[in-house]
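Enquirer: Read off the chains here:
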Amino acid sequence: MKKWMIYAAIGLALYAVPWIFPNSYYIHMAQGFLYTYIVVVGLNFLVGLSGQLSLGHAGFLAIGGYTIALLTNAGVPFLGGLIAAMVACAIAGAVVAMLSLRAKGPYLAMVTIAFGLLVEIIANRWVDVTGGPAGLYLSDPNLFGFKMGVVEYYWFIALVTILVTVLTDNLFTSRIGRVFRAIGNSEVASATVGVNVRNWKVLAFAISAVIAGIGGALFAFQNAYINSDSFTWDRSILFLIGVIVGGSGTRLGPVIGTVIIFLLPQWVQSLYDYHSLIFGAILLLSLILLPDGIVGGFNRLRHKNKNVKQVTIDNELQKASNQVTWAAERSQTVLNVQKAVMDFGGYRAVDEVDFQLNGPEVRGLIGPNGSGKSTTVNLLTGVYLPTSGNILWKDRDVTSFSPHQMATAGITRTFQNLQLFQELTVVQNVMVGFHLHYRTGFVANLLHTRGFHQEEQRFETEALRLLSFVGLAEKAYEQAGNLSYGEQRLVEIARAMAVKPQLLILDEPAAGASQYEVEKIMKVIRNLKEIGISIILVEHHMEIVMNVCDNITVLDFGKKIAEGDPAHIQNHPHVIEAYLGGEEVTKLVVGK
Amino acid sequence: MLQAIVSGLIVGSIYAIIAQGYYITYITTRTMNFGQGDFLMVGSLLGLTSLTTMMAAGINPLVALLITMIVISGLTAILGWGLERIAIRPLNNNFMSIAWILSTVAVSMMLRNIAMLIWGRNVIPFPSPFGNEVLRFAGVGITMHELFVAVCAILIMACLFIFLKKSMLGKALAAVAFNPDAASLMGINPRMMAILAFALSSVLAGIGGILVGPITNTAFYMGATLGLKAFAAAIIGGLDNPMGILIGGLLLGVIEQVIALGDSAYKDASAFLLILLVLIFMPQGLMGKKVKEKF
Amino acid sequence: MLSVNNLHVNYGMAQALRGVDLHVNEGEIVALIGRNGAGKTTLLKAITGLVKVKEGEITYLGQSLIGQPAHEIMKKGISHVPQGRQIFGDQTVEENLLLGAYTQIKKNPKQVQQQMEREYERFPRLKERRNQQAGTLSGGEQQMLALSRALMSNPQYLVLDEPSMGLSPLYVKLILDTVSQLRQEGKTILLVEQIAGAALSISDRAYVMSSGQVEMTGNSQDLLHDERVIRTYLGA
Chain A
1 MKKWMIYAAI
11 GLALYAVPWI
21 FPNSYYIHMA
31 QGFLYTYIVV
41 VGLNFLVGLS
51 GQLSLGHAGF
61 LAIGGYTIAL
71 LTNAGVPFLG
81 GLIAAMVACA
91 IAGAVVAMLS
101 LRAKGPYLAM
111 VTIAFGLLVE
121 IIANRWVDVT
131 GGPAGLYLSD
141 PNLFGFKMGV
151 VEYYWFIALV
161 TILVTVLTDN
171 LFTSRIGRVF
181 RAIGNSEVAS
191 ATVGVNVRNW
201 KVLAFAISAV
211 IAGIGGALFA
221 FQNAYINSDS
231 FTWDRSILFL
241 IGVIVGGSGT
251 RLGPVIGTVI
261 IFLLPQWVQS
271 LYDYHSLIFG
281 AILLLSLILL
291 PDGIVGGFNR
301 LRHKNKNVKQ
311 VTIDNELQKA
321 SNQVTWAAER
331 SQTVLNVQKA
341 VMDFGGYRAV
351 DEVDFQLNGP
361 EVRGLIGPNG
371 SGKSTTVNLL
381 TGVYLPTSGN
391 ILWKDRDVTS
401 FSPHQMATAG
411 ITRTFQNLQL
421 FQELTVVQNV
431 MVGFHLHYRT
441 GFVANLLHTR
451 GFHQEEQRFE
461 TEALRLLSFV
471 GLAEKAYEQA
481 GNLSYGEQRL
491 VEIARAMAVK
501 PQLLILDEPA
511 AGASQYEVEK
521 IMKVIRNLKE
531 IGISIILVEH
541 HMEIVMNVCD
551 NITVLDFGKK
561 IAEGDPAHIQ
571 NHPHVIEAYL
581 GGEEVTKLVV
591 GK
Chain B
1001 MLQAIVSGLI
1011 VGSIYAIIAQ
1021 GYYITYITTR
1031 TMNFGQGDFL
1041 MVGSLLGLTS
1051 LTTMMAAGIN
1061 PLVALLITMI
1071 VISGLTAILG
1081 WGLERIAIRP
1091 LNNNFMSIAW
1101 ILSTVAVSMM
1111 LRNIAMLIWG
1121 RNVIPFPSPF
1131 GNEVLRFAGV
1141 GITMHELFVA
1151 VCAILIMACL
1161 FIFLKKSMLG
1171 KALAAVAFNP
1181 DAASLMGINP
1191 RMMAILAFAL
1201 SSVLAGIGGI
1211 LVGPITNTAF
1221 YMGATLGLKA
1231 FAAAIIGGLD
1241 NPMGILIGGL
1251 LLGVIEQVIA
1261 LGDSAYKDAS
1271 AFLLILLVLI
1281 FMPQGLMGKK
1291 VKEKF
Chain C
2001 MLSVNNLHVN
2011 YGMAQALRGV
2021 DLHVNEGEIV
2031 ALIGRNGAGK
2041 TTLLKAITGL
2051 VKVKEGEITY
2061 LGQSLIGQPA
2071 HEIMKKGISH
2081 VPQGRQIFGD
2091 QTVEENLLLG
2101 AYTQIKKNPK
2111 QVQQQMEREY
2121 ERFPRLKERR
2131 NQQAGTLSGG
2141 EQQMLALSRA
2151 LMSNPQYLVL
2161 DEPSMGLSPL
2171 YVKLILDTVS
2181 QLRQEGKTIL
2191 LVEQIAGAAL
2201 SISDRAYVMS
2211 SGQVEMTGNS
2221 QDLLHDERVI
2231 RTYLGA
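Which chain is which? The protein sequence lines are A, B and C, in order.
Okay, so the first sequence: first residue is 1 according to the numbering used here, each after it adds one.
Okay, so the second sequence: first residue is 1001 according to the numbering used here, each after it adds one.
Okay, so the third sequence: first residue is 2001 according to the numbering used here, each after it adds one.
Derived from the structure by calculation, the hints contain no laboratory data.
For every residue, glycine included, the Cβ atom is placed at its ideal position computed from N, Cα and C.
List time: in silico DSSO-like cross-link candidates among lysine-lysine, alpha-carbon distance up to 27 Å:
1. Lys-1165/B - Lys-2106/C
2. Lys-1166/B - Lys-2107/C
3. Lys-1165/B - Lys-2127/C
4. Lys-1166/B - Lys-2106/C
5. Lys-2075/C - Lys-1165/B
6. Lys-500/A - Lys-520/A
7. Lys-104/A - Lys-1289/B
8. Lys-2110/C - Lys-2127/C
9. Lys-2107/C - Lys-2187/C
10. Lys-2127/C - Lys-2107/C
11. Lys-2075/C - Lys-2110/C
Cβ pair distances, simulated, as ranges:
12. Thr-2217/C - Gln-454/A: 57 to 65 Å
13. Val-1134/B - Tyr-137/A: 39 to 47 Å
14. Lys-2127/C - Tyr-347/A: 19 to 27 Å
15. Ser-2138/C - Glu-460/A: 48 to 56 Å
16. Gln-2113/C - Ile-1154/B: 27 to 35 Å
17. Leu-1155/B - Gln-2114/C: 31 to 39 Å
18. Tyr-347/A - Gln-2113/C: 31 to 39 Å
19. Asn-1179/B - Lys-2075/C: 16 to 24 Å
20. Gln-454/A - Gly-1082/B: 56 to 64 Å
21. Tyr-137/A - Ile-1154/B: 47 to 55 Å
22. Ile-1118/B - Trp-267/A: 23 to 31 Å
23. Phe-442/A - Lys-2075/C: 57 to 65 Å
24. Ile-1118/B - His-2008/C: 52 to 60 Å
25. Glu-2185/C - Asp-550/A: 44 to 52 Å
Work out the full structure, taking the sequences as your base and the hints as a guide.
Expert: Encoded structure:
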């Protein structure tokens, strides 16, 4: 069934409600259900998609509600007030997000709690403006001079609900949603493919706040009355319960969640004295029995029996995979690391390391465990800021670049401990890798324009091409987390290739891979070299290092102890001692 | 002004006691009881009942208070154990998971409901066993009960610090906090430590409830705000530093009281404004540890 | 005696161990060598209960260890010195040692005290630094501490994971000499070591692991002269 037909059917059903329940009590309830649902959709967007948390969403509800209330009372038309409420919430959401960017875990939770409570307190105490607990009275909602009664207002809410649902659905399935999910899965990996994680997190918060604000504005006009008791911390928690119990990150979750948090309390209302006892028990049970929420649990059952979309590797794809190249776009690679130092509270992980990369080559970076290889990689990709020293890239000082800036400059990487976007499919992982090459904007993705469809199609094909380059095209539509270790490493390489880097840093690409996979990885590295990308290869696997590297830099205790071609390194006394054989150590130990 | 600072320190020390509960469970399990405030409410109401019953039976108020504190400690410890068993352990608590926030909230909702059924909806005055006598030092008035709170707070903090730093169990707790795998290789059972942590945390809330009762009076809904403010205190100080939490609690208490001098309406707001300010500049709290992630 | 049969361990969908067989007889030093990611650490963790076993059997003195938590296995007399030392950095040297004897300190405070003296004799450096925070020790000192901490419970079996990691040659010698000496004291040792030459020199038997499987096994002296081992691991 076409997507728009489902929406149309839902729209019809919503339209028909006033005839099925010709009773203002029920219509009132339906209104309540819908605006609650809208808020839950917004929170689900934040929690389920981008992996952030808000324990103060009632605050946005309040900002939306009061903005429209104050503006309409001042004579602004209803629709203008609604738009103003959305703008106000977008600003508030962005501010909260910016305040909480540096905070993590419980600290982040506290920022949102503090925001929610501050709004609640202001609503309660700033009586001159908000009316406090006594509240504000509003005129009836008025659309272009047409006064809406209960039923008309319900229809209006239903229309907004459909719009919000369609648009958030669109975002979920667009590259925007994909990037949000990628950030939720691994921030650092998102950054190394060029995503400015900070801005995107702020955007997620703002979108979520706007949606909550719409809910708040609709709520304010439900009774043409608004007071400060409606925006409590309990309410924020209730919305979160709706998201989690419904199934966070799923698209149907908010519907079920709203049933739980809105309808359930109505049903058990007759048991008012036991209301929160029952509600609490249901919540606890559902958290224990259905950790992914109701819809999440249902989906899991369904997925067990579902076959994944198959990719047929036709000749065309095969041929195309041999043409994966962006050599024409490449300019000369010149990396210059000067006296890089990295201290970790007294411990010097990288100690005045110098090295240069002139033009395309495969450079091995080896050394015993703890010799500073991974730290060096982190410095080169902007994950760490060096304590001192400089990194020059094509004569430009990139020392203080953040990972996404490095990606933009043409440097990206894979990770020793895999950082795939586990919940995305393999092909989606690679498509996130193309982040810097997408051209459609937010609006095109929101509305699913023709340009959006064309672009999605194009990058999906390109992603499949890259996957067939690393030999994984047949697994393109499997969830990345379900692949074997070695396969996941190959997906990381494909994702990094999607960035179209000029310098690709591979951090132990063969660790944990089987012999068969190791051979595959070696072949891929050789092919990459042919394309003309510079590669820095951190690896313990001597077979690979000696066979594919043009030059090798050896680190020990954070210092560079040798550099040269494989033959030179293999015979270098310091290297043998430190790494390859430990002859001296062996002698010491055995006493010979 | 001085008066405000003194009463601020008293209230702040109660925040600090409750907040240490967040610290203990956070470091051992990376979870917290978001219903800590409602555990406090239970401690407070149970304490009130036990105290009034005993005093009505003619037992010396001080003896009654002592017995009450022991009984409440036992009961809240059991409550904490139960919380760990039903709301923490059954959940798959990975780093990203937020299920524990909701599960502990669920338990607190149930507790609040039960308390309402038992003690009713109204505010119940909690008479201090020390009467209402006010002592004066250099123009600062302080009730006997406040003095008692101060003494208790110092004792509890001292005991807690000695327990954490000196006892074998405290060392084991710290070991689990530092590295659960390595701790289990020492023969320490991390699950037992989690139970211990939740029991301790609940006892701190319960005692906090008895101490705070005569200051705020008691009702089934009293917990939410206190729990959140204690959480704010813990975050301000730094969740992984008990000394920081003590300072965070006292700071919060004093700032609240001082702001209340100017405009009492915004007393509650000051706590949350303070926290935003602290977190903007010090995202790990005043004395929290910075962690560097490895890739 | 400790024996491992057909052991499989998965991390998510990734197979870390695929059918490993291994046994360690009493009084032996058995070395486990292989590249990063071969599954050595996972094998040790499976033995001491830190990772879940998917399939296979681990027996110790005739008892199955499968499904037992780490803190129970440790009580049977198998002590694990984890990779990267993992000392409790925010506690003092002496507190670390006491935690090593956590299971005995109530029952036998005197014996624990004696054991601590023995450890201080073994590594006088630790005695000098007994009240220093363990996190401020140098790498070599931390390794001494990790070893001593594991010995505090007076275990029968010792499982060592890369004790030489990141240490300078002199420290490596000290640690590996200590390992040899521990065998003299009657301990049985399973040793994972990156410096293959040294590991083979001090051990009786060895297993070479690759991709989650045992690739070769045999007498250490023989392996030390095996063409394939030399080429792959000794670099000569």
